[in-house]
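Use the sequences and the hints to build the structure in full.
Note that the protein sequences, when read in sequence, are chains F and X. As numbered in my numbering, the first sequence has no gaps in its residue numbers, which increase by one up to the final residue, 356. As numbered in my numbering, the second sequence has no gaps in its residue numbers, which increase by one up to the final residue, 1052.
Please note: incorrect hints may appear among the correct ones.
[Claimed, not checked] Below, computed lysine-lysine pairings styled on DSS-like, alpha-carbon distance capped at 30 angstroms: (1) K889(X) x K204(F); (2) K322(F) x K1052(X); (3) K248(F) x K841(X); (4) K829(X) x K256(F); (5) K868(X) x K190(F); (6) K889(X) x K252(F); (7) K248(F) x K889(X); (8) K204(F) x K1052(X); (9) K829(X) x K204(F); (10) K989(X) x K814(X); (11) K252(F) x K967(X); (12) K248(F) x K1052(X); (13) K841(X) x K204(F); (14) K248(F) x K814(X); (15) K248(F) x K896(X); (16) K889(X) x K256(F); (17) K248(F) x K989(X); (18) K248(F) x K829(X); (19) K256(F) x K841(X).
[To be verified] Pairwise CB distance ranges (calculated): (20) D227(F) x Y991(X): 50 to 58 angstroms; (21) L160(F) x R825(X): 41 to 49 angstroms; (22) S820(X) x P43(F): 50 to 58 angstroms; (23) S828(X) x G63(F): 31 to 39 angstroms; (24) R806(X) x A298(F): 38 to 46 angstroms.
[As the list claims (entries may be wrong)] Computed from the model, here is a short list of chain F residues facing chain X with C-beta under 8 angstroms: (25) P43; (26) P174; (27) K204; (28) N289.
Simulated from the structure, these hints should not be mistaken for lab results. Computed from a prediction, not measured in an experiment: that's the story for all the values here. No residue lacks a Cβ here, since even glycine has one placed at the ideal position from N, Cα and C.
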Amino acid sequence: MVSIYIVSTTGYSGKSLVTLGLGLRMRADGISAGFMKPFGRSPVVEDGVLMDGDASFMKKTLGLDDPVGTICPVVYTHDLYAEALRGRGRDLATAVMKAHKALSKGRDALLVGGARDVYDGAFIGISALRLIPKMDAKVLMVDPFEGEVCVDCLLAVKELLGDRLIGAVVNKVPAEGVDFVRGMAGPFLKKKGIPLLGVIPADKLLHSISVGQLAESLGGRVLCAEDRLDELVENFLIGAMDAESALKYFRKTPNKAVVTGGHRSDIQLAALETSTRCLVLTGDMLPNNLIIAKARTAGVPIIVVRHDTLTTVERFEAVLGKVRIREERKVESARWMMEEHFDYKAFYRLAGLRKP
Amino acid sequence: MLDKFFNPASVSVIGAAREPGKVGHSILSNMLAYGYKGAVYPVNPKTDEINGLRSYKDVLSIPGPVDLAVVAVPSPHVAGVIRDCGRKGITAAVVITAGFKETGPEGHEAEREMLAAASENCVRILGPNCLGLLNTAIGLNASFAPSMPHKGSIAFFSQSGALCTAILDWSLSRGVGFSKFVSLGNKSDVSELDMMAYLADDPETKVILGYIEGVENGRLFMERAWETVRKTPVIIAKSGGTAAGAKAASSHTGSLAGSERAFDAAFRQTGVLRASTIQELFNFAQAFAASPIPAGPHIAVVTNAGGPGIIAADAAERSDARMAEFSPDTIARLREKLPPSAGFFNPVDVIGDARSDRYEAALDAVLDDPSVDGALVILTPQAMTDVEETARVITSVRAKKGKPVLASFMGGQRVAAGIDLLNAAGLPVYPYPEDGVKAFEALVHYRSAREKTPPEPKHFDVDSASVHRAISKAIGSGGRELGEKDAREVLTAYGFRVPGNVLAVTSSEAVKAARSIGYPVVMKIASPDILHKTDVGGVKVGVKDDKAVEAAFLEITSNARRLMPSALVLGCMVQEMVSGGREVIIGMSADPQFGPLLMFGMGGIYVEALKDVTFRVAPIDERDAREMVEEIKTYRILKGLRGEKSSDMDAIIDGILRVSQLVTDFPDIVEMDINPFLVMEEGRGAVTVDARLTLK
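Shown next, in the form of structure tokens:
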């Protein structure tokens, strides 16, 4: 039995993407792998029971029988945090290790999903840094690319964990730069004892949000095409120019939401002319009837919101790219991205796993 | 097919009403009032008789055959009525009823239902939401217009019904006559395309006028317009040309109007004359209705006052008309007939005390001159002027010559009787000389448009497989803009010369690259995240030695790091520095209605400062491309001023034609800019320095 702890030095780095890929692939390869989330940060209350949203999603997607409460023994709550700061915190490592033991039983491998970063959970004694030696886990680190590979982060974690760090994955690399990053960072990291196991391109679909979720987070009314609320929005653009410039501008960005005023029928038509997932009309202004008819025919929902454009955009920015993987399309996309860009063979070897 | 609309042997008014003030009443009255000889059948289930005619409960109960149905029942009943019409064998229906697409989703649905009924039953629909149609030749007034125009040779169709009634009213006061008069309404079926096709062969129509707010299909419009213009002049006023107008039109019609430039280009390419105002539309129409098409652009001006003569000469100079130069014979004739103080050159000044005889002699002489293609006669009311007699002699001289004669009778009360006489004689008369010159120019434009042969696009031998590959790769990765590398590949495949280019990851690699390319070089930031390289200080030109390359590398990469911290920077591209030459731009933007719209202009500061650009709808041929190059304002700079050598015009034309072929072959390309396209001097070709492409 080997525990594979997936960590990062920041949130929204792609740990779930990597974990999902690994879990699905192992299952396909006949390796019995479980999943554990020592410290859950997506608290949801279902039927009066507190559980971690990520854990319950992984359980479903990977087809696991373990109870959610075992998969994720500690869920972040406001209470937990406040009590700890008041000096009434408990060391929860024992509880976590108990769950770990239960989940390990009869399995070849256990994927352990790290919290935000390697320190997260230290206030109750369950940071990744503390748990990894206890679990005797091997570590895979995910770095979300931002202009460059954070070699410092990787080297620092290597110093902290030594040989337990078996490899790195760089995520969210611009598609045209994948080869470049592999060619530049790969040899360097290898020399430092950190095999680069995957360079994964940025994927618009994975960071997209559904039209329905968007309407909900903007508190908007949907006027038409209600059957298209699960279409995914990858980008948003603001339409405040003349129609001709708008067309030029809208063409450059597919699968978008266009934010504009209810009275700008020219902009709305230009948006409908290009790849648009929904129209977001600000200022609580209803569009022209002809536009509604046209949007309905085109299958593009119109969301009317009360806010002004700036507020709408701020809300947009708060949600886009910070969405957890939930939809089946995204799971499939994650699986595919990992298949294409992750070296499973090397990973199995480094983790000491073998196909049965 | 549309003949049943205009020349029906019998008409049924469905929804005819007994009560004056109702639309169904007005239509029936109009059908009976203007001498229409065919049978008229009112349909109204609630009564047996209207206006002394037997009324039927539906069309199917009408005993005889019916050619045309005029429908004025409430919108929910229209689809049913159309189905009945089909069963009755009626193939043409004018739907006057409003309350369709223009009112919102429910109306939209009703209109769709009506159209479905029409196509299932082979009924063509004019309207809905229209005023109706008129054919003066047979006294047909199938409309609720409050009047009937005079007979004439102008056909008019309009997307606005309100404009129709206004123009009808105006035409009566001006004595302007029409052959056909059509309100298109929502254009659900019959559109300007059908109108042009039908009217082109209509013997009663000499000129086709249209008012449109947009077209549904720009390509079809161009095809139809081209065919029509070969037979009959088409003059169109199109509104929605400004940003404010387009906004108004989009909420009025619910469709995104094609860009103004696309309309201009399409009109120019097909020979449709564009009127910039409704006034101009009718100014031109009067000239076309009454005049033969001139053989050339040369106009003679005959005037009884110096000032207006100069005004006319100015207007001609600013237009594509030309002031004619008289032959010595003509000048001799003028000297013989006119007083010595008269003006014998163009404009001919017959002097303020001229009576009709001088006008007659002068007009006769200038029209006899083979170098004169038409004349404008200007009259101002002076003490001795005999307005009415002058009007008569102008008319009679014109009748003998077979050349266009236009008049400008300036003034008000004192010239009114003369204007009436000219109107009655069908001689175009305008309040000011500039209007007369513009109308003549329109005749001249039509002559060259009609003579134009169909375009013959040249076909280059290209590597379209590479372009396919680059495009599917970009689409596959979810992008819409082609990166620099792919753009270079596309252009190279279509025969453009693209300078050599090497990626340097470090400054020492850049030095090595620069040495192998040869100094000086251009350096650009290499990053898939940075499309507008100059915005982030990412371009250096004329980098001339090793030291400069190192400095440029440091500066460019540092700028990028500072201004776009999260961009992936690969390093710098080191490029051959193409020197000399002039910068021009070749571009394309796909218009929603007309498709690929090609753009050409002078590059650099000129395109920004002067907006010195010109447009054509692709595909074009060499003649169009040459016209594009020659019609920009800065053409003379390209030709070389003050001893500078001319740029390689053939290379520019070749470039435009290759872009035309590329965007025609690949409709997935929706935006494209080659900027700059660097043209060398004559015979030395051109180089593509930078290009950008956007995909659908």
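Each hint, compared with the structure:
1. K889(X) x K204(F): Holds - the C-alpha atoms of K204(F) and K889(X) are around 23 angstroms apart, at most 30 angstroms.
2. K322(F) x K1052(X): Given pair K322(F), K1052(X) holds - Cα atoms ~28 angstroms apart, limit 30 angstroms.
3. K248(F) x K841(X): holds, 22 angstroms
4. K829(X) x K256(F): Given pair K829(X), K256(F) holds - Cα atoms ~21 angstroms apart, limit 30 angstroms.
5. K868(X) x K190(F): Holds: K868(X) and K190(F) sit about 28 angstroms apart, inside 30 angstroms.
6. K889(X) x K252(F): Within the cut-off at roughly 17 angstroms; holds.
7. K248(F) x K889(X): Satisfied, since the Cα-Cα distance of roughly 19 angstroms is no more than 30 angstroms.
8. K204(F) x K1052(X): Status holds; Cα separation ~17 angstroms.
9. K829(X) x K204(F): holds, 16 angstroms
10. K989(X) x K814(X): Given that 30 angstroms is the threshold and the Cα spacing comes to 26 angstroms, the pair holds.
11. K252(F) x K967(X): holds, 23 angstroms
12. K248(F) x K1052(X): Measuring from Cα to Cα gives roughly 11 angstroms; hence the hint holds.
13. K841(X) x K204(F): holds, 22 angstroms
14. K248(F) x K814(X): holds, 28 angstroms
15. K248(F) x K896(X): Satisfied, since the Cα-Cα distance of roughly 28 angstroms is no more than 30 angstroms.
16. K889(X) x K256(F): At roughly 25 angstroms apart (the allowed maximum being 30 angstroms), K256(F) and K889(X) satisfy the hint.
17. K248(F) x K989(X): holds, 26 angstroms
18. K248(F) x K829(X): Satisfied, since the Cα-Cα distance of roughly 22 angstroms is no more than 30 angstroms.
19. K256(F) x K841(X): holds, 26 angstroms
20. D227(F) x Y991(X): 50 to 58 angstroms: Once the Cβ atoms are compared, 55 angstroms apart, the range 50 to 58 angstroms for Y991(X) and D227(F) holds.
21. L160(F) x R825(X): 41 to 49 angstroms: The hinted range 41 to 49 angstroms holds for L160(F) and R825(X), with Cβ atoms some 46 angstroms apart.
22. S820(X) x P43(F): 50 to 58 angstroms: holds, 56 angstroms
23. S828(X) x G63(F): 31 to 39 angstroms: holds, 36 angstroms
24. R806(X) x A298(F): 38 to 46 angstroms: holds, 41 angstroms
25. P43: violated, 30 angstroms
26. P174: Holds, because the Cβ-Cβ distance from P174(F) to chain X comes to roughly 5 angstroms (cut-off 8 angstroms).
27. K204: With a closest approach of 5 angstroms, the K204(F) hint holds.
28. N289: holds, 3 angstroms
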